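**Student:** Listed here are the chains, written in short residue letters.
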Amino acid sequence: MFLLCYILYMDRIYFDHASTTPVDRQVLDAMFPYFIKQFGNPSSILIEEGRAPNEAVDEAREKLAKLVNADSEEIIFTGSATESNNLAIKGLALANREKGNRILFSDIEHFSVMNQADFLRMLGFEVDFIKVDNYGIVDLEDLRNKVTENTILVSVMHANLEIGTIEPIKEIALFLKEQGVLFHSDGTGTCGRIPVDVKDLGVDTLTISPHQFYGPKGVAALYLKRGTKLKSLVQGGLQEMGYRAGTENVPGIVGSGEAARIAMEETDERVERLEKLSRKLWDGLSSSIEYIHFTGHPTIRLPGHVSFWIEFVEGESLLLWLNLNGIASASGSACASNMMAADETGLKASHVLTAVGVPPDICSGSISFSLGKDNTMEEVEYVLSIVPGIVKQLMEMSPLYEKAGKSGR
Amino acid sequence: MAKGPYSDKVMDHFMNPRNMGEIEEADGVGEVGNPACGDVMKLYLKIEGDKIVDAKFKTFGCGAAIASSSMTTELIKGKTIDEALSISNEAVAEALGGLPPAKQHCSVLAEEALKVALEDYKKKKGQV
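Each protein sequence line maps, in turn, to chains A and B.
Read in order, the letters of the first sequence correspond to residues 1 to 409 in the working numbering.
Read in order, the letters of the second sequence correspond to residues 1 to 128 in the working numbering.
Hints listed in this document are in silico derivations from the structure and should not be mistaken for laboratory results.
Given the structure is predicted, the values throughout are model-derived calculations rather than measurements.
Some clues are possibly wrong.
In silico DSSO-like cross-links for lysine-lysine, where the CA-CA straight-line distance does not exceed 30 angstroms [unchecked claim]:
| no. | chain 1 | residue 1 | chain 2 | residue 2 |
| --- | --- | --- | --- | --- |
| 1 | A | 146 | A | 170 |
| 2 | B | 3 | A | 373 |
| 3 | A | 131 | A | 199 |
| 4 | B | 9 | B | 115 |
| 5 | B | 56 | A | 392 |
| 6 | A | 170 | A | 199 |
| 7 | A | 199 | A | 177 |
| 8 | B | 77 | A | 392 |
| 9 | B | 46 | A | 392 |
| 10 | B | 46 | B | 3 |
| 11 | A | 99 | A | 146 |
| 12 | A | 199 | A | 217 |
| 13 | A | 392 | B | 9 |
| 14 | A | 131 | A | 170 |
| 15 | A | 99 | A | 199 |
| 16 | A | 373 | A | 217 |
| 17 | B | 56 | A | 217 |
| 18 | A | 231 | A | 217 |
| 19 | A | 392 | B | 3 |
| 20 | B | 115 | B | 46 |
| 21 | A | 66 | A | 373 |
With the hints as extra help, turn the sequences into a complete structure.
**Tutor:** Written as structure tokens, this is what we have:
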């Protein structure tokens, strides 16, 4: 018999902030005037209508810059973190091809970095991957071995949103600077979540994703250190200092600025709260579920982020049951990886979990919980009360658990 | 609530799987796995004469895998062995109101588990 607990009519518990966050009311209010009242094109500064939008974009640029301790002119607005990653990598590669043609990515980058490899190879670049350890931390020895005379660019994400691990960016940057190699970091997981200082980190370019910190989707930014040569990917007018043409998404940009400003004010408080919540969640899951294995580094990780796999339990089925119980989460299992694929060859166990050594055959029960500023201790306690029951149900249904039980594993 | 990628029938069989469990001293047992995604299905059959009188399943897998196993056991109970052998993966998927293209292989897995279970039955019968 299955024990169900539907919460159809109550509020849901959103533990998937790594996918996206709701726009803050203050952010929405800041955006609103730029849809109708101040709708002008920021490039039309000779007329009245263009001036306020133009100024608003400048102010937002300043706020994004402050978020990462950069200068205003070092912030380029784009349409998404994916676009920022593409602009950074292709733009730097093309601008530096006389210096070499070798590019390195870590093994656990987001698809928007990984999936550029084929295209880059088609353009004549060589792309190789840096190993990570069982916690997902970049293997610095492997990095040293793989950087050659020919290497022009390395991309390592600041933090991985599937397993929560934060990378040793400063150390990597110091090494790459000695080698004269450019360094891009995808800051989607960290900017607006934890303090980020590009001068301290030493990166040449950093991706910033506003919809990760209560800003709108459809807009993002790229920090580009002054003096770094970059080829644009989208040519046209002269917006974004020539790095990215196209009429600016003024409301989106203004919203990003406001979200950045609020994030700066609230970071310390948010980090402290989220660390308490994830500690409780981690401890609770650890003590109530026998076959659980946590992923990512145990301490050098994003606040509010708890990720794990459970032996004998498949990820999508766990995610579906959590969803039915009003709890939103994410799964890196093959089954959940690409629901909309044309056929089963589109299904692959998460490359991140594979890279950190999670055995693909025993488990695909991976779940990531990523908490946000509005989650509460009550929600954590509720989730802790629900998960063990679901896991028990799924284990009882699993032929793998039955096998293990009989062999006294 | 907005609709997800799974049909109502699939969700029903996922949430309320029919015939989940084991059969002690089953007449035929078939266990198959799919390397693409790691799904594993185990089918237990109780056969009297040439009829499948009971069927149970255990599955490690996603929503579509669990639903496919459940539906398969429903479709074969009460059927003769020949009738059961003629049930295709398309029939299982159709009975479920369709599966997303990326999940079609789950119904194939169910069809294979059934065939392996019936093979097992034939082997066991041969030994008796």
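**Student:** Now tell me if each hint is right for this structure.
**Tutor:** Outcome of the hint check:
1. A/146 - A/170: holds (18 angstroms)
2. B/3 - A/373: holds (28 angstroms)
3. A/131 - A/199: Holds, because 26 angstroms separates the two Cα atoms, which is no more than 30 angstroms.
4. B/9 - B/115: Given that 30 angstroms is the threshold and the Cα spacing comes to 24 angstroms, the pair holds.
5. B/56 - A/392: It holds: about 19 angstroms lies between the C-alpha atoms, which stays within 30 angstroms.
6. A/170 - A/199: At roughly 10 angstroms apart (the allowed maximum being 30 angstroms), residue 199 of chain A and residue 170 of chain A satisfy the hint.
7. A/199 - A/177: holds (13 angstroms)
8. B/77 - A/392: holds (27 angstroms)
9. B/46 - A/392: holds (27 angstroms)
10. B/46 - B/3: Violated, at roughly 37 angstroms.
11. A/99 - A/146: holds (17 angstroms)
12. A/199 - A/217: holds (27 angstroms)
13. A/392 - B/9: holds (24 angstroms)
14. A/131 - A/170: It holds: about 18 angstroms lies between the C-alpha atoms, which stays within 30 angstroms.
15. A/99 - A/199: holds (25 angstroms)
16. A/373 - A/217: The given pair, whose Cα atoms are some 18 angstroms apart, holds under the 30 angstroms limit.
17. B/56 - A/217: violated (47 angstroms)
18. A/231 - A/217: It holds: about 25 angstroms lies between the C-alpha atoms, which stays within 30 angstroms.
19. A/392 - B/3: holds (27 angstroms)
20. B/115 - B/46: holds (14 angstroms)
21. A/66 - A/373: holds (21 angstroms)
Hint compliance for this structure: hints 10, 17 are broken, all remaining hints hold.
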